[in-house]
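Turn these sequences into a full structure, and let the hints guide you.
Sequence lines, in order, name chains A and B. The numbers in the first sequence follow UniProt numbering, run straight up by one, and end at 164. The numbers in the second sequence follow UniProt numbering, run straight up by one, and end at 140.
Bear in mind the hints are in silico, worked out from the structure with no lab data behind them. Mixed in with the good hints, there may be bad ones.
[What the hints assert, rightly or not] Distance condition first, Cα-Cα at most 20 Å in a straight line; then the derived PhoX-like pairs of lysine-lysine:
| hint | chain 1 | residue 1 | chain 2 | residue 2 |
| --- | --- | --- | --- | --- |
| 1 | B | K68 | B | K112 |
| 2 | A | K50 | B | K48 |
| 3 | A | K50 | A | K83 |
| 4 | B | K68 | A | K48 |
| 5 | B | K56 | B | K112 |
| 6 | A | K142 | A | K50 |
| 7 | A | K48 | B | K53 |
[Stated by the list, open to error] To spell it out: a stretch of chain A is covered by chain B in this simulated footprint if at least three of its residues, at any positions, have a beta carbon under 8 Å from a beta carbon of chain B; those stretches are:
| hint | segment |
| --- | --- |
| 8 | 5 to 17 |
| 9 | 61 to 73 |
All residues carry an ideal CB built from backbone N, CA and C; glycine is no exception.
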Amino acid sequence: NVGLCIALWDVTKLEDSYIFPGDGASHTIVNFRYVVFRPFMDEILTGKTKSCSKEGVYVSIGIFDDILIPADAMQHPSRFDDKEQLWAWEYETDDGKHDLFMDIGEEIRFRVVDEIFVDTTPSGPDGTANQPSEISDTESKKTPYTIVGSISEPGLGLLSWWNS
Amino acid sequence: MEVVNENSAMLSNFEVYGLLTDIQAGRGQNKPNKHQQQLATITCETIKYLETKPCKHQSEESITEFMKELQSFNLTKAEKGQILNLCPTTAVEIQLIIEESEERLTEEQIYKLLDIIVKYNPTEADQEEDNSAEMDSSND
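Laid out in structure tokens, this is it:
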């Protein structure tokens, strides 16, 4: 429950090496520091929109793809357009309502509001392993680390909305 | 494996970028290829991501000077880290990064902060403008 591990930073302590009976390798207790990607709560990040669905917008930042901005964290008011399969912010100006679509591949700024850690270590063999593959993919695939974002504040959302 | 300390320090994009370019350049121990493959993938992807960020143009000296100037604003470590990594260019971004910025900073201070950010973190567009401005002035 630490985050996305990237690379070793340094080793701080090396203790004695032990050899255990029945095992030819030597085992050493090592204290080390690791570089981990883990945005803190309320941090602002910029990524690219990956896909849209009724649940919300999926964002990717290159190294990490499991970022979701759920439907209730969009700018108010927003709606999901079934024809385009995209989310749109219904922006009101004096001229009337404009639909600002959240196209795929656009740069988007969001705030981290929650993170979900799921234990994906394989469980022991049990009866369910023998079931035919009627189980849908979404049920069996669990991402170990998901970030939940929000774009419901001024300045958040597609960069193109605020940079003109 | 036991986690001793979940968060022993916060690193800026610049520091992580430096570490990863060192790893990619081959500094450090050489391990068998089987173990290095995943490290190579994540190193490559992360470097690609960080190169799109302003940290590519930062240097250790510019960051030290930048931090010294930020001291007068009474910002938390997280806020200073975010400003360093994101290099906001508009007041709206500053309001997002700094909590209760309307109460803690006057409008004048926000503009002063933006000026400092631009001074120490010129974007490529600014650098090109500077280069063409210098060329024009030298041709006179």
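Evaluation of the provided hints:
| no. | hint | verdict |
| --- | --- | --- |
| 1 | B:K68 - B:K112 | 14 Å, holds |
| 2 | A:K50 - B:K48 | 17 Å, holds |
| 3 | A:K50 - A:K83 | 18 Å, holds |
| 4 | B:K68 - A:K48 | 33 Å, violated |
| 5 | B:K56 - B:K112 | 24 Å, violated |
| 6 | A:K142 - A:K50 | 18 Å, holds |
| 7 | A:K48 - B:K53 | 13 Å, holds |
| 8 | 5 to 17 | holds (count 3) |
| 9 | 61 to 73 | holds (count 3) |
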